[in-house]
Amino acid sequence: MKSAKHYRFQEDPKKRPQEVYPDAWNKQEPYVAEPELVQAVNLAIHLGRPLLIEGEAGCDKTRLAAAVAYELGLPLERWDVRSTSRAREGLYEYDTILRLHDVEAQKVDKNLGRNPSNPEDYRRFGALGKAFHREESSTVVLIDEIDKADLDFPNDLLAVLDDPWEFFIPETQETITASHQPIIIITSNKEKGNLPAPFLRRCLYYFVEFPNETKRLQEIVESHYKLQAEKAPGEGLVTAAAEKFLEVRREGGLFKIPGTSEFLDWLDALWSFGSKPYTATGLRRMKSIPYPEVLFKLRADWKKYASTS
Amino acid sequence: MNEFHPEQLVEHLFRRIRGDFNLGMREYLTAIELVRSDWSIANPDDLKQALKPLWCHSRKEQRWFATYWEEAMLAQQQSLLRQDKMPSSEEATLPSVPPKRADFPLPTEQVIPPPASTPATSLKPEAEPQLSPYPVRSPLMPTDVDTSIDLENYLPVSRRAMRYTWRYLRRPIADEPRDILDLEATVVQAARDGFFLQPVYRCRDTNHAHLLMFIDQGGSMMPFHRFTRDLVETAHEERSLEHVSIYYFYNAPVQYVYSNSKLSQLVALDEALSHCDNDTSVLIVSDAGAMRGYRKLERFRSMTTFLTQLKQRTSFIGWLNPTPTERWDGTTAEMMSYLVSMEQMDEDGFSNVIDTIRGQA
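Protein chains in written order, with the working numbering: chain V, 1 to 309; chain E, 1001 to 1361.
Keep in mind that the hints are not guaranteed to be accurate.
[Claimed, not checked] Calculated pairs, DSS-like style, for lysine-lysine (alpha carbon to alpha carbon, straight line, at most 27 Å): (1) V/Lys-226 x V/Lys-287; (2) E/Lys-1060 x V/Lys-190; (3) V/Lys-215 x V/Lys-287; (4) E/Lys-1048 x V/Lys-190; (5) V/Lys-5 x E/Lys-1048.
It should be emphasised that the hints constitute simulated quantities derived from the structure, not laboratory data.
What you are looking at is a predicted structure, and each value in this text was computed from that prediction instead of being measured.
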């Protein structure tokens, strides 16, 4: 297996190599990362270990993987974990019923494109499986919201996300070994308590803090609008909105604290929803919060802020 | 003095945090490998940044890590300081010890004058001018300071462990709709018939476990309310348990128990036991006097009556005692533990009690 040690994430989309693999991730993600996070990503790549990212909801944990994939010019495989997800789904799925069906179907239709006597025609790789199977390059694998799955789920992944980076498909008698070390990024909200200790031990851990400074929020807004055709909101409005938003967060007493993504939506609403955008001074002078429906998602929070308007 | 020995630091730190952070040998080796590899670690801050994601797996651990790091840095600096100083000062200052003693003789030393006086007289002239402090070099010993970490984190059974362990309480019976495809049986059937008619389905299993919990509430159980609450919540959350009933009592359930934790809604004990059949698992959570360390015959008597009633209905009875086994001696808890399988409330004890109430032990 080729290691991925030579890759270095620098949080600069311009560093993307000129020649990339045909199936590399092509959508540039605006992402502003703390230097420690960049370091953690590089460390994970260097050590060949999965990187577990935790943090409040809406702090752009998920986008990181795309930003890494884009900058390094690598393909991205995304695995959205659901409450019913099984570890095997990320590796492969085997369609026995289709195979059984094809035995009969090929008598009628000769051009099925699948041959029931070849078991390999009926296995479909999942995100991890694809990453292991890809021979040309390393792959960035995003295992999103791992905490949403069953409690045992992370344990089932233990053996796969470790040396010798391989798994076995009993149906086809194949052993799939990763030809390149995949770069694995896992996100979690800790919704169902801690992840199991043996799993945590194998991962590198990083906690994404909410950017608690007006300047950081401005940077994020800037990088977000740089990639969009829309006109970016005026600097004064961004500053005023960021201050107001941080004030709401600091004041506390909220049951669901709004995150970065809510802030961006709110800013968008302030800027372009009404017939005229809000002005910085107008927003500062307002006692209530405009468009509370964007920020407050629970009745108690809503009551606290929306009822005053 | 500012020399930086990453490996030494890694080792020192690893020894300190290994237990609390639940780290294995592999984490240590990875860290050492990292230090030796071409990953640029030029100063302590680089090392800190690299070790943090590797060894900390929650925000709390990250905060502790910062403290431990400071300590480790300080310890290393001190040890380096001593090493720098020692070689020169050792020869010069060590002989100054006996003369000092001779100058201020202590009454205990006067009992044995000959050995003390001979070196004193010979060394006195040359050592006299030096007024240096006692060269005390204590070896670098990473002491395990009992910080508030353990207190802050006193969780005999974590919520996660509870959820996990409840799962073992099961009595699977295949009586759900037939909706699981049995692939092997289908293939066998098709092979036997020579043609494929329809897939073979199996019934889905359901858990028919019934759980009846009696929880001692209030009084000496006050410090454990957090855990009993977790216990109740996790039992309710565990969807695989078909039926969960929880009753509370104060000290001992006699004629009435309570259906709420505030002990305000009375339920007759007979009614509480009416759904208890020979498949029901009964779990009693109480300290049985071990918390205060007393032995009371009346409590034992009423508890025995209650247990007798239970034993007439089911044999799957377990007792979870939040106090550790060492504290049971000489209390009602010790007496009770001969009558019913009693376990202390930690992860092993909880697993054992689950084994008991599902009829495995």
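We went through each hint and held it up to the structure:
1. V/Lys-226 x V/Lys-287: 31 Å, violated
2. E/Lys-1060 x V/Lys-190: Cα-Cα ~14 Å, so holds.
3. V/Lys-215 x V/Lys-287: Holds. V/Lys-215 to V/Lys-287 sits at ~23 Å (cutoff 27 Å).
4. E/Lys-1048 x V/Lys-190: Measuring from Cα to Cα gives roughly 25 Å; hence the hint holds.
5. V/Lys-5 x E/Lys-1048: 20 Å, holds
Figure legend: structure checked against the earlier numbered hints; the only hint not met is number 1.
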